[in-house]
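Colleague: Residues per chain, in single letters:
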Amino acid sequence: MNPITSCDLVLKEINSVKSASRNFVTNYYLNKDSLEFWLRRKCFFFDKIGETSFFYRKDQDFFHLFYISPAYEELGRSLGVLAGRDEILVADIVAKPGEIDSILSVFFKNSFHPYITLQRMYKTTAMGREKYEFHNEITYAFKGDEETIHDILISGVDRYAEQIPSVEELTLEIRNKNIILIKKEGVIAGFVHYNIKGLTSHLRYWFVNPDFREQRIGSKLLRSYFSLTPQAIRFILWVIQTNDNAIKRYFHYGYVLDNLTDTVLINKENMNYGK
Amino acid sequence: MENKILNILGEIRPEFDFRISSNFIDDGMLDSFDIITLVTELDKAFCISIDGVDIVPENFYNLETIERLLVKSGAQK
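So the sequence lines, in the order shown, correspond to chains A and B. Here our numbering = 1-based position in the first sequence + 494. Here our numbering = 1-based position in the second sequence + 13.
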């Protein structure tokens with residue numbers, strides 16, 4: 495595993511695999527902003543095994559695994575070599591039904607195990623736009639809230655299934671006004687973390703502190719979030735596929751199920767979601 | 014060609030009007046997953062095979078860049 499120090503190396507590797515095969519397979523969708531951020535944090539690594547390029551992003555006690563390979567067969571051979579590694583490797587396979595089985599079987603044959611599946615949900619303003627108002631109890635998160643929000647995420651969210659932002663990322667998100675919250679007696683009673691890119695808004699986290707349930711905190715937060723994103727036409731989020739309660743709540747706010755899933759795979763046996 | 018591209022884009026993301034944007038990526042109208050779907054649909058519709066090296070965001074900014082990519086990939090205008 496070698497550290498990557500420049501975007502150029504990543505682009506060069508991607509292009510070399512892509513140009514060698516029209517049928518290349520990958521789970522790495524280049525986002526230059528994220529890549530530059532990871533390079534600054536020195537948490538992005540690279541390996542070439544056979545004809546497959548692997549990228550690894552260090553996150554807490556594990557690595558997110560990305561691959562780009564000329565074909566499934568070659569990926570399988572390279573994963574076979576990777577299987578003996580001690581590190582915990584987590585791969586996200588995002589695909590539509592009908593496309594997912596062939597890729598998953600390559601991983602299953604090479605010591606990766608299913609961990610959990612996330613489901614994308616979305617809504618568009620074409621499906622109706624309700625009028626939402628910013629609730630007066632809500633404020634943007636302030637500098638200094640990042641540590642608490644990070645602690646909440648670390649203790650309440652599964653680190654392998656969710657892409658938990660670092661304290662540094664949360665600091666940036668707070669600066670960019672991408673987190674709103676409600677505080678009660680100095681305690682964060684709930685928060686919403688979102689991103690907006692052009693006409694699409696991504697709801698990343700919607701959290702209500704269990705001590706403040708039944709006070710309509712969640713509703714106030716979500717309604718305020720919608721009021722802050724009037725330019726958005728499309729709203730997306732990812733939810734654990736088996737979390738019926740959360741899905742039901744999102745249905746209530748007009749979201750519907752998309753046909754895109756994210757299957758999280760892990761290279762260790764007996765690792766259970768939420769444990 | 015433009016109408017055919019617009020029809021495909023409309024099927025992938027019916028909620029957006031692709032005629033009014035000059036940058037589908039920055040405007041949040043297409044994400045990386047949509048681009049993969051778009052490539053498959055363009056390949057089918059224009060009987061071509063878009064090269065892997067050309068699957069980069071800048072080729073999918075707007076109708077003009079997509080059209081240029083299609084021509085480069087062998088599509089008939």
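Please note: incorrect hints may appear among the correct ones.
Quick look at which bits of chain A chain B covers, simulated, 3 or more residues with Cβ under 8 angstroms [said to hold, decoys possible]: (1) 513-521; (2) 612-623; (3) 686-692.
Only pairs whose alpha carbons sit at most 30 angstroms apart, straight line, appear in this in silico DSS-like list of lysine-lysine [as the list claims (entries may be wrong)]: (4) Lys85(B) <-> Lys17(B); (5) Lys506(A) <-> Lys542(A); (6) Lys671(A) <-> Lys625(A); (7) Lys677(A) <-> Lys542(A); (8) Lys552(A) <-> Lys637(A); (9) Lys542(A) <-> Lys603(A); (10) Lys603(A) <-> Lys637(A); (11) Lys590(A) <-> Lys85(B); (12) Lys526(A) <-> Lys85(B); (13) Lys536(A) <-> Lys85(B); (14) Lys85(B) <-> Lys603(A); (15) Lys625(A) <-> Lys552(A); (16) Lys691(A) <-> Lys671(A); (17) Lys90(B) <-> Lys603(A); (18) Lys90(B) <-> Lys762(A); (19) Lys90(B) <-> Lys17(B); (20) Lys625(A) <-> Lys526(A); (21) Lys536(A) <-> Lys625(A); (22) Lys625(A) <-> Lys603(A); (23) Lys678(A) <-> Lys536(A); (24) Lys625(A) <-> Lys542(A); (25) Lys17(B) <-> Lys542(A); (26) Lys625(A) <-> Lys691(A); (27) Lys678(A) <-> Lys57(B); (28) Lys512(A) <-> Lys625(A); (29) Lys512(A) <-> Lys85(B); (30) Lys742(A) <-> Lys17(B); (31) Lys590(A) <-> Lys17(B); (32) Lys512(A) <-> Lys691(A); (33) Lys552(A) <-> Lys762(A).
If you are wondering where the hints come from, they were derived from the structure by calculation, not from laboratory data. Positions of the beta carbon are idealized from the N, C-alpha and C atoms, including for glycine.
Colleague: All hints are to be evaluated individually against the structure, with a verdict given for each.
Modeller: Hints, one by one, checked against the model:
no.: 1; hint: 513-521; result: holds (count 4)
no.: 2; hint: 612-623; result: holds (count 3)
no.: 3; hint: 686-692; result: holds (count 3)
no.: 4; hint: Lys85(B) <-> Lys17(B); result: holds, 17 angstroms
no.: 5; hint: Lys506(A) <-> Lys542(A); result: holds, 13 angstroms
no.: 6; hint: Lys671(A) <-> Lys625(A); result: holds, 21 angstroms
no.: 7; hint: Lys677(A) <-> Lys542(A); result: violated, 48 angstroms
no.: 8; hint: Lys552(A) <-> Lys637(A); result: holds, 25 angstroms
no.: 9; hint: Lys542(A) <-> Lys603(A); result: holds, 20 angstroms
no.: 10; hint: Lys603(A) <-> Lys637(A); result: violated, 47 angstroms
no.: 11; hint: Lys590(A) <-> Lys85(B); result: holds, 28 angstroms
no.: 12; hint: Lys526(A) <-> Lys85(B); result: holds, 25 angstroms
no.: 13; hint: Lys536(A) <-> Lys85(B); result: violated, 38 angstroms
no.: 14; hint: Lys85(B) <-> Lys603(A); result: violated, 39 angstroms
no.: 15; hint: Lys625(A) <-> Lys552(A); result: violated, 42 angstroms
no.: 16; hint: Lys691(A) <-> Lys671(A); result: holds, 13 angstroms
no.: 17; hint: Lys90(B) <-> Lys603(A); result: violated, 45 angstroms
no.: 18; hint: Lys90(B) <-> Lys762(A); result: violated, 52 angstroms
no.: 19; hint: Lys90(B) <-> Lys17(B); result: holds, 11 angstroms
no.: 20; hint: Lys625(A) <-> Lys526(A); result: violated, 35 angstroms
no.: 21; hint: Lys536(A) <-> Lys625(A); result: violated, 44 angstroms
no.: 22; hint: Lys625(A) <-> Lys603(A); result: violated, 50 angstroms
no.: 23; hint: Lys678(A) <-> Lys536(A); result: violated, 37 angstroms
no.: 24; hint: Lys625(A) <-> Lys542(A); result: violated, 52 angstroms
no.: 25; hint: Lys17(B) <-> Lys542(A); result: violated, 40 angstroms
no.: 26; hint: Lys625(A) <-> Lys691(A); result: holds, 21 angstroms
no.: 27; hint: Lys678(A) <-> Lys57(B); result: violated, 56 angstroms
no.: 28; hint: Lys512(A) <-> Lys625(A); result: violated, 46 angstroms
no.: 29; hint: Lys512(A) <-> Lys85(B); result: holds, 17 angstroms
no.: 30; hint: Lys742(A) <-> Lys17(B); result: violated, 38 angstroms
no.: 31; hint: Lys590(A) <-> Lys17(B); result: holds, 23 angstroms
no.: 32; hint: Lys512(A) <-> Lys691(A); result: holds, 27 angstroms
no.: 33; hint: Lys552(A) <-> Lys762(A); result: holds, 17 angstroms
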